[in-house]
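> Sequence:
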Amino acid sequence: MVLCYFCRFKSLLMQSVGETNSSLAVLYLRIFENLLEPSVTLEDLQQQPKPVRTFFEQCQKQGRKPEIKNLCSGENNIARAYVDGVLVALGSSDQMVIARRNAAKLALLELPNFMPTNIT
741 MVLCYFCRFK
751 SLLMQSVGET
761 NSSLAVLYLR
771 IFENLLEPSV
781 TLEDLQQQPK
791 PVRTFFEQCQ
801 KQGRKPEIKN
811 LCSGENNIAR
821 AYVDGVLVAL
831 GSSDQMVIAR
841 RNAAKLALLE
851 LPNFMPTNIT
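Numbering-wise (my numbering), the sequence shown opens with residue 741 and increments by one.
Hints are computed from structural coordinates only; laboratory data are not their basis. Be aware that one or more of the hints could be misleading.
[Claimed, not checked] So the derived label-pair ranges between C-beta atoms look like this: (1) Gly814 with Leu769: 44 to 52 Å; (2) Gly814 with Asp784: 47 to 55 Å; (3) Arg770 with Glu797: 42 to 50 Å.
Idealized CB from N, CA, C, for every residue including glycine.
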């Protein structure tokens, strides 16, 4: 949607440049061209780490039962990460999604302590 407006704006600006031969219009085009480009692309979002998903996948690969429970305490949200019913990590934030992400990140750090080790 923004790209459509940008293309329309760019074509109108180029038309005015052709009519007036103004260097000011070229300057505006250079400025707005950079401002209207998306700063975060879909590819950038897809490359972001997904700690909640990773936590669940790592536990399930080992045959463990992962769980994240939410608790709202006033303005603060608390998420508790469990592996096989054992509390592994706590995360908090004013947003529940962020609290879950924080708990999952901390749980991933603690996960090696809860997984069986292969001793040969």
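> Each of the hints needs a verdict: does it hold here or not?
Going through the hints against the structure:
The hinted range of 44 to 52 Å is satisfied by Gly814 and Leu769, whose Cβ atoms lie roughly 51 Å apart. The hint said 47 to 55 Å for the Cβ distance between Gly814 and Asp784, and at roughly 34 Å that hint is violated. A C-beta distance of roughly 45 Å is found between Arg770 and Glu797, which places it inside the suggested range of 42 to 50 Å.
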